[in-house]
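*Asks:* So you can see what is in the structure, the chains are spelled out below.
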Amino acid sequence: MLSKEQIAQRIAQELRDGYYVNLGIGIPTLVANYIPEGIEVEFQSENGILGMGPFPFDGDEDADLINAGKQTITARAGAAFFDSATSFAMIRGQHVQLTVLGAMEVADNGDIANWKIPGRMVKGMGGAMDLVASADNIIVAMMHTNKEGESKLLKTCTLPITGVQCVKRVVTNLAVLDITENGFKLIERAPGISVEEIVKATEGRLVVEGDIPEMKFA
Amino acid sequence: MNKVVSGPRAALEGIKDGMTLMLGGFGLCGIPENTIAELVDLEVKDLTCISNNAGVDDFGLGLLLQKRQIRKMISSYVGENDLFERLMLSGELEVDLIPQGSLAERCRAGGAGIPAFFTPAGYGTEVAEGKEVRIFNGKPHILESALTADFAIVKAWKGDHFGNLVYKGTARNFNPMMAMAGKITIAEVEELVEPGELDPNFIHTPGIFVNRIFQGEKFEKRIEQRTVRQRG
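Going down the list, the protein sequences come from chains F and S.
For the first sequence, the numbering used here assigns the number 43 to the initial residue and increments by one for each residue that follows.
For the second sequence, the numbering used here assigns the number 758 to the initial residue and increments by one for each residue that follows.
In case anyone wonders, no lab produced these hints; they're calculated from the structure.
No false leads were slipped in.
Computed spacing ranges between beta-carbons, pair by pair: (1) E851/S <-> E190/F: 31 to 39 Å; (2) L900/S <-> D178/F: 17 to 25 Å; (3) I960/S <-> E239/F: 57 to 65 Å; (4) Q55/F <-> G764/S: 49 to 57 Å; (5) P952/S <-> A260/F: 51 to 59 Å; (6) I159/F <-> R828/S: 23 to 31 Å.
Pairs of lysine-lysine, DSS-like flavour, derived with a Cα cap of 30 Å: (7) K802/S <-> K158/F; (8) K925/S <-> K915/S; (9) K824/S <-> K165/F; (10) K227/F <-> K896/S; (11) K165/F <-> K888/S; (12) K824/S <-> K158/F.
It should be emphasised that the depicted structure is a prediction, and the values quoted were computed from it without experimental measurement.
C-beta atoms are modelled at their ideal positions from N, C-alpha and C, and glycine is treated no differently.
Produce the entire structure from the sequences given, and follow the hints as far as they go.
*Replies:* As structure tokens, then:
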């Protein structure tokens, strides 16, 4: 079973040279720590920076320089600042090549729910609805099951959805799955995890074709 | 063209209960903290506040929530404020949650004389309820309307007496669009400079959008999530 860091590490393998990438809060943020060698990507944060760098050194924090998770960050050489309307023009206008975000639930048709639990938790959607409605390439980073062991990969989302039929790929602690017309398609297994375990943990339609390779980590 | 006023009290001249305010900022970054403190002192109430976030419990718009001065919030993300969540779930506070990009564009549209626009964000979700849907290029979009405010209150790094503004880092965020969308726009700045000191090539908000400007007495600039790495 993958740790959160390993989920991020696996997603980082999807990065390509020249990509502009928007990382959501949580596991997705960790993807920035595993950029494959020899490629250059730029991270966009929707609060208004392109070219986001690592956290500042202790003592160098700047209240005027944060990411969308409100964490203090740095700006890389060649970074740009902009307003929120311009930021979402980049997102809606499909100038960002890859979006990675977390989810509470994903359905086998690509619907995603990650912004609200009625009567219990109302944090708001932030930029998630704009991101999922427009991005061509959306990867979801999530745990395969909840704390009770129930699947979060469902036939239909039970929570209010954030976007319809938008997720392309899901990377969980157990597997890499693509969204296809026939539901989730198993692409890779986490090291040591069997196909049967993945089948058991997936409530939505799941296609398993041929031998399913294990994920490889450098 | 001299728009300088003595301070937040003078800047808020004419504010009344029940008005709609826009307040710039993302989290606690780039919020007009001096004017917010003045709104608390003035005890205006039944306010509708348009702001991406609602501050934290004891800073930013959280101060107005504590005093129950806000009747309705229009925001995209309010997860950092426990009081907000309680007031919302109990029904004491009316809340309109809208996608962040739609919020930014609705403010921009309000200032730019565009009454409404279509966006794909929120299609098929609760956000789309009651809104017109149209297909463009084979993809469904929903109709979102422009937002304006009685007062737009923004915070900038530097400004001059013409109202020209320059923001710093990611403190720009919603401030430029909101500055355009206020019937009266107030800018509080860290540094009020002489006309000519700001290079016209690098003005973010041209002075035409600003009605009143003052240099804030002090800025706490609180950091919400201090994240650092160790040297060496």
